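Residue numbers (my numbering), protein chains in the order written: chain V, 1 to 116; chain E, 1 to 335; chain L, 1 to 151.
Read the hints as simulated data drawn from the structure, not as lab findings. Mixed in with the good hints, there may be bad ones.
To be verified - Derived DSS-like pairs: lysine-lysine, alpha-carbon spacing no greater than 30 Å straight-line:
(1) V/K115 - L/K16
(2) L/K17 - E/K272
(3) L/K3 - V/K25
(4) L/K16 - L/K30
(5) E/K272 - E/K42
These numbers were taken from a predicted model, which means no experiment stands behind them.
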Amino acid sequence: MDILWAFIIGGIICVIGQLLFDVAKLTPGHTLCILVVAGSILGGLGIYPALVEVGNAGATLPISSFGNSLLQGALDGAAKNGFWGIWEGILGKVSSGVSAAIIFAFFAALIFNPKS
Amino acid sequence: MLQKGRQTWFFDPRPTIFATGTVVGRTEGEGPLGADFDFIQKDNHAGKDSFEKAEQAMLEQACSFALTKSGIAPKDIDFFIAGDLLNQITASGYTARNFKAPYLGIFAACATSMEGLALASLLISSGMAKNVLTATSSHNCTAERQFRYPNEYGFQRPPSSQYTASAAGAAVILPQGGPVSIDSATIGKVVDLKNCDPVNMGKAMAPAAADTILTHMQERGVSASDYDLICTGDLGEIGRDIAWDLLSREGFTYDKTRFVDCGMMLYQGNKKVFAGGSGCGCCASVGYGHIYKKIASSELGKVLLVATGALFSPISLQQCESIATIAHAVALERS
Amino acid sequence: MGKKPKVEAWYEPIAKKHDKPRPVLLNCVKAFLAGGALCALMEIIQDLLTKYANMPKTEATSTSLVILIAVTALITGLGYYDVLAQKVGAGLAVPITGFANSVVSATLEHKSEGYVLGSACNSMKLAGAVIVFGTLSAFVVAVIMLILGVF
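Let the sequences and hints guide you as you build the complete structure.
In structure tokens:
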């Protein structure tokens, strides 16, 4: 059942992205920025955490979850140390995603060549 | 002796294309014109350690074919006129370095081939050179990484996008002796109808092609029916249809089946190329390969080759400048 | 910067007549199915990790993301990612796979300019926007919430 909800919610968020590509004719860069910022804002409104409860991986895999995680990190930091805590906390929860991308990208560059 | 309309040079006597050299990549070699090229480079890297060096190697190889066939050694080249899509046209510059030839670097994006041919003809016809080597190249991977995205990036291309050809074409121009002669050349004006979509080049370039074709007919004093073929460089399906529409509105009448495009001919039926092929090498390889051979064997009599190019850069586009375009035309005929 | 120019009014309808429109509905269906399937896959991986590796939920989520990023790096390096992405569009671009691919492809592409000035300097060329705007928006939202005292 969880898997079905993950499928549906994840699918819907991807369709939103596809509409931004094809109807709004936005570049991937613009589209993903919109989704990330939306994740942040919806996180602040409490909507995104609720979406994660329902959709699980369907809400945590899309890039909008990155925005939500950044916000949750910032809020954790704010809870500890107010305004100055935000700076400490903001990138806290996205460490696995960003470091994995950088590290595996480098390994891939060591092993592979483009378009060969 | 040459005469001049505002944009058109009539050459009398006519210079000739004495020999050509064409090198293409794997995808181009697998297309319907594969047999017309001198060499098919199946390796995207051409054995080099970057795509830019591969493009330069292909350009140099195409030039070598043309020089060998004309019996001219690199040290005897009077002038080498070349350009490409790379920043600072490095493929051309480094080929010139290797040939140690007097070098005139040019840039007209995908219209470079015909700009080169027109200038080479001018040098020969005016008696300022005894021989001229003109060439151009493009490479799918260098164009993608320079103008759009890294090659392995997952960008979903729309149906209007085009595929930059990995191809190089070179021609040796002599005052006489070649099977194909150059009747005239029309130098295009820059045309800009404020198009801003970098994934729909056909739409941006079609007006330039129409403008140059109409100007050529008017200044040269010929009608379209004098030509067996009017061949654009890389308008693709969309651009070709738009250009035809624009020409028809100006009272242009011609047999539509003979209004063709190098980018479409090169990849006929290959879904990977969406609307068609593009790149400087497109017009050069098909023009100096397939079309040159057809004229030399008298299967075609008179052909108007109209290369089209988009003069923008990624930065100009991001700075909200529209895509300015140009088209240069050269009229070829059996000697 | 400045405003994007508008195509000349007389030309737009002529060009539009000959346009090849994007298959929007088909693209959306493919994006839905592919994106949904990827998320379902992550859900399965997460379940396996919590059940058999005894990971707490948050750790399982992070680890699943890392696994998917590693797979993306492999598929990008092997040259299959862009072929898949052409077919499913946002189905691969919107999940973390899109972010990972943007980093991997940029790092891989600029290898020819060296590992420092090429690969490393250019690695965040495309992903940078997401990180910048994500961080910026999280900061702004957090500050607003702090001021309103609502968390």
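Quiz item: Does the structure keep L/K3 and V/K25 at a Cα separation of 30 Å or less?
Solution: With a Cα-Cα distance of about 16 Å, the restraint between L/K3 and V/K25 holds, given a limit of 30 Å.
Quiz item: For the pair supplied as a hint, V/K115 and L/K16, is the alpha-carbon distance within the 30 Å limit?
Solution: At roughly 34 Å apart (the allowed maximum being 30 Å), L/K16 and V/K115 break the hint.
Practice problem: Measure nothing beyond the straight line between the CA atoms of L/K16 and L/K30; if it is 30 Å or shorter, mark the hint as holding. | Solution: With Cα atoms ~26 Å apart, L/K16 and L/K30 stay inside 30 Å; holds.
Exercise. Starting from L/K17, check that the Cα of E/K272 is at most 30 Å away, please.
Key: holds (23 Å)
Quiz item: Within 30 Å, alpha carbon to alpha carbon, are E/K272 and E/K42?
Solution: holds (17 Å)
Hint check: a violation occurs at hint 1 only; the rest are consistent with the structure.
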